[in-house]
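Please work from the sequences and hints to get the whole structure.
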Amino acid sequence: MAYPVTLLSSWILTTILENVERRDVYVSDIASKRFIAYHGPRNCNIKYTPLVRIFVFFPVTTKGELVAIVNDSTHKITVVFTRDSIRRFETRYGQRLTYKSVHRLIIIRQANLKFMDKNTYMDFHHVLGNIPPGSLKGTPLIYLEVNEAEYFLRDAHTVPASAESTLRFVYTAPEFQMMFG
1 MAYPVTLLSS WILTTILENV ERRDVYVSDI ASKRFIAYHG PRNCNIKYTP
51 LVRIFVFFPV TTKGELVAIV NDSTHKITVV FTRDSIRRFE TRYGQRLTYK
101 SVHRLIIIRQ ANLKFMDKNT YMDFHHVLGN IPPGSLKGTP LIYLEVNEAE
151 YFLRDAHTVP ASAESTLRFV YTAPEFQMMF G
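Here the sequence shown stands for residues 1 to 181, where the numbers follow UniProt numbering.
Some hints could be false.
[To be verified] Straight-line alpha carbon distances no greater than 35 angstroms define the calculated DSBU-like cross-link-like pairs of lysine-lysine that follow:
(1) Lys100 x Lys47
(2) Lys47 x Lys114
(3) Lys114 x Lys100
(4) Lys100 x Lys63
(5) Lys63 x Lys33
(6) Lys114 x Lys63
(7) Lys100 x Lys33
(8) Lys47 x Lys33
(9) Lys33 x Lys114
(10) Lys63 x Lys47
It should be emphasised that the hints constitute simulated quantities derived from the structure, not laboratory data.
As structure tokens, then:
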């Protein structure tokens, strides 16, 4: 069954696999600095428009950042909206980022791709409960640190539970586990 939000493409996993260098050891928690740099149509550092649907929000971290899960048409990934990105978004739209934003489409304008470390683990404990036990088997968790985002469409795009259940975390994809596991 095709994902019912036709504006979304399947880009998250593909872009990670194409743009992150495979290494035995990463010396930093940053897998890819400026992983996304979107400056408008046909002016983006990746092949796809970084359009995602906000799936769910979690409580604010101890650093005042906001943890969420977003999805494209096939995969989900954890994101952290930095304090600066929250401030810019709320100033631009005159509303809280979390106010009626679930199921809305956003464009990620700037983001880094990072590995979860011991310090961020506690900020993600709510999210980790959504990942099937045993599905990671030593695979590192990766997330998007969103530095800037904007609405694409403010209309909610709700989909049937059967379609939601087809979305998988990028960490559980065999291609991801082969590359990073």
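Exercise. Hint numbers the structure violates, sorted upward?
Worked result: Of the numbered hints given earlier, the structure breaks none, since each of them holds.
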